[in-house]
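Q: Sequence:
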Amino acid sequence: MEADVQHEDNGTKGYCRLSPAALVHFLKTIRAGVCKSVTAFTLWLHAPCDPSSLALTRILFGAVMVLDQPEERGLAFVEERWGDPRECRFPLFSFLKPLPLEGMYCVQLLMLLGAVGITTGAFFRKSCLAFLLPYWFIFLLEKSRWNNHTYLYGLIAMLLSVTGAHRLWSIDCWRKQFLRNTDIPRWNYVLLRSQVFLVYFIAGLKKTDRDWIGGHSMEGLGRHWVFDLFKLVLTEEQVDSYVVHWGGFLLDLTVGFLMVASAVRPFGVLFCVLFNAMNSRMFSIGMFPYVMIVLSTIFFDCSWPKKLSAALPQRIKNLIPDLCAPRPDMNNCWYPAQSKGNDPCAGSRWAERRLRRWRLTTFFLCLHLALQLFLPYSHGLTKGYNTWTQGSYGYSWDMMIHKWRPVHVKLLLYDNATHKAHFLDPEKFTNSTRWHHQADMVVQFAHCIRDRVRQEFGMRDVEIYVDVWMSLNGRFAQRMYDPTVNILEQPWSPFSEVPWVLPVLTNFGEWRENFKKVRSEVQASSTLADVEFIADFPGFSLVNYLDTTVYNASLEVLKGTVAISFPSKRSTRVLKTGESTKIPTGVYHTVTPLKHAPAGYMYLFADKSLEQNNTGTEGDADSLPENTAAKKEIISIRHLKRYLENWRISFRRIADIAGKTLKKRLLHKISSLLERFLAKCSLCKP
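Per UniProt numbering, residue 1 is the first one in the sequence shown, and the count goes up by one each step.
Honestly, I wouldn't trust all of these hints.
[To be verified] In the SDA-like style, the derived pairs of lysine to any residue whose C-alpha atoms are separated by at most 25 Å in a straight line are: (1) LYS517 <-> ASP482; (2) LYS582 <-> SER541; (3) LYS608 <-> ALA477.
[To be verified] Label pairs and their computed distance ranges (CB to CB): (4) GLU521 <-> GLU579: 18 to 24 Å; (5) ASP425 <-> ARG460: 20 to 26 Å; (6) ILE637 <-> PRO584: 46 to 52 Å; (7) PHE95 <-> THR548: 46 to 52 Å; (8) TYR335 <-> ASP84: 44 to 50 Å; (9) VAL522 <-> ARG460: 48 to 54 Å; (10) LYS383 <-> LEU155: 40 to 46 Å; (11) LYS595 <-> PHE423: 29 to 35 Å; (12) LYS97 <-> SER526: 47 to 53 Å; (13) GLY380 <-> THR506: 16 to 22 Å; (14) ARG327 <-> LEU92: 42 to 48 Å; (15) LEU140 <-> THR433: 18 to 24 Å; (16) VAL407 <-> LEU92: 27 to 33 Å; (17) PRO321 <-> ALA351: 28 to 34 Å.
Treat the hints as calculated values from the structure; they're not laboratory data. All of these numbers come straight from a predicted model, not from anything done at the bench. Backbone N, C-alpha and C define an ideal beta-carbon position, used for all residues, glycine too.
Given only the sequences and the hints, what does the whole structure look like? Please build it.
A: Dropping the structure here:
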């Protein structure tokens, strides 16, 4: 017989070759070890757990989703959002279209009923489906409203739908007694805990961005009253840097680990609650802070609600059903003590089929977690959605990292038939304020405008040019797109880079600290004084017009060389770094960078309109702070009144739509009955 291992003395010491039989044996050993580990992990995931913590999470999450309906889900604003069929929209898939107004009300109402069903546990799986289908339909229908927390709500509802969250304190338990207070497998908790952990941890990893670590993303937030305690020992600038940016980074990065580890879990949950409570006062982000507070309870012991109820008075405990230990569920949970020799496949085909089903569950759980790890970093694949930031905003957990400030948006339509140029107002075509800083939405917007002018004005051969000036995280305001490119002629693919997006001038980033000093000095000199920092690329020119409400206007070059021309005066002046000139108002002037290098400059001016309209900066929907000088209100009475009014508007409009629909159906029914009667009536025949 051939030896399993053969040594060769061919000048190479220590070299050996495995025979085919030995190799097969080795691979079988590896396979057996892997299968054993997979089986052990599968059985661990299916260990029995008390359903009370998950049931309470279901109730609280469902209740928050009900409360979320009139405002952020838009039940009170269906007519404003979906009433105009001509409005340009930004769906993820082009075949998605809004339903007629009555249909959109039905979609919103179905979502509300689904949220109520999740809360009460009534027809739980169907209620989850009733919530999820309209939810994801509306989500995919409008990319310009995407938020990280909106994406998270849909994920949590989807994950809850596959768990046993309805096995306690639900109407389903009353309908189906065999479900009542039964064990649920451990993977129900692992799935939700892992999802919440990844939200925090990846948000922390995203905050390793230079702008966040450098303190540029959330400048000025230290003025808010929630930081008053910190300001006893720190300045506002130090609060911005150390508490807001570094503190937010460290909390997101570590709070998941703190909540997972039982020894330090109370501290993790405390930090989580305080962090989200502060966010609820600082930002207009709907129910997101309350959802995260609710989800923090999923990290507690599985039976903590029952244990907590032991401290309640007997009268209250008598009102709460099923506080006893749960009943076993042999079909979904693994009980080693009740199995022969601890073998999961011992003695029956049913046990073998059950184990295969459990392994499939383990596979899908791991697949979901792998997908959640991949999506936030998938932007190297979906290059078409990258502009200045990575991907479309809303599924990457890059919360509050990017603060956008639009400075100027020019939309030009050129009609080749008449050879005339038309400057368009974007607000006449869409209510979205996000389309201009995402290249994919710029393409969608341009094609929508083309279709509208063709339909409404008969323009069949047009070109569309977009010139957008934005400031990202306190940088120079600069162009985002090449203004000489006809957007309609540009091909776009989700997997290809967009060539007409101009890069962020990151080498000008060091000027941001100087901007703060200059701006504070200028604004301290007069309440009407202001400054705007501009950077531009060589080969382009900024044609600017200063209104007559502006006075004492001047331009100073900070870096590079520019040529300033005044067509009305037929004069041109070249300015180098440190030089400045007065700018006349009421006439156009042109600024052009020279010497094949980008140039940075600033406008210094006083504006009479600032007396009546002192506006702040704009940001993403996830990064819009409340007024930092707001009253110290834990609960805002103004917001509460507005919220209750939105519920009233929602019910009134639903009642109006329902009344009109019933009236139409009733009239149609009466009309059809009359027609049938007249058709059969012999006296009515000619």
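Q: Does each hint hold? Answer for all of them.
A: Right, here's what the structure says about each hint:
This hinted pair does not check out: LYS517 and ASP482 have alpha carbons roughly 31 Å apart, beyond 25 Å. For a cut-off of 25 Å, the pair hint linking LYS582 to SER541 stands: about 18 Å separates their Cα positions. Distance check on the hinted pair: LYS608 and ALA477 sit about 22 Å apart at the alpha-carbon level, within 25 Å; holds. Taken as a hint, the range 18 to 24 Å holds for the pair GLU521 and GLU579, whose Cβ atoms sit roughly 19 Å apart.
A hinted range of 20 to 26 Å holds for the C-beta pair ASP425 and ARG460, which are about 22 Å apart. The beta-carbon spacing between ILE637 and PRO584, approximately 50 Å, falls within the hinted interval of 46 to 52 Å. Against the hinted window of 46 to 52 Å, the Cβ-Cβ separation of PHE95 and THR548 comes to about 49 Å, which satisfies the hint. TYR335 and ASP84 have their C-beta atoms about 59 Å apart, which leaves the hinted 44 to 50 Å range violated.
For the hinted restraint 48 to 54 Å between VAL522 and ARG460, the CB-CB distance of approximately 49 Å keeps it satisfied. A beta carbon spacing of about 24 Å between LYS383 and LEU155 contradicts the range 40 to 46 Å that was offered as a hint. Checked against the hint of 29 to 35 Å, the pair LYS595 and PHE423 passes, with Cβ atoms roughly 31 Å apart. Checked against the hint of 47 to 53 Å, the pair LYS97 and SER526 passes, with Cβ atoms roughly 51 Å apart.
For the hinted restraint 16 to 22 Å between GLY380 and THR506, the CB-CB distance of approximately 19 Å keeps it satisfied. Separation of ARG327 from LEU92 is about 44 Å and conforms to the stated range, judged on CB atoms against 42 to 48 Å. About 20 Å separates the C-beta atoms of LEU140 and THR433, a value consistent with the hinted range of 18 to 24 Å. For the hinted restraint 27 to 33 Å between VAL407 and LEU92, the CB-CB distance of approximately 28 Å keeps it satisfied.
Judged by the Cβ atoms, the range 28 to 34 Å given for PRO321 and ALA351 holds: they are separated by roughly 33 Å.
When the structure is compared with the earlier hints, violations turn up for hints 1, 8, 10 and for no others.
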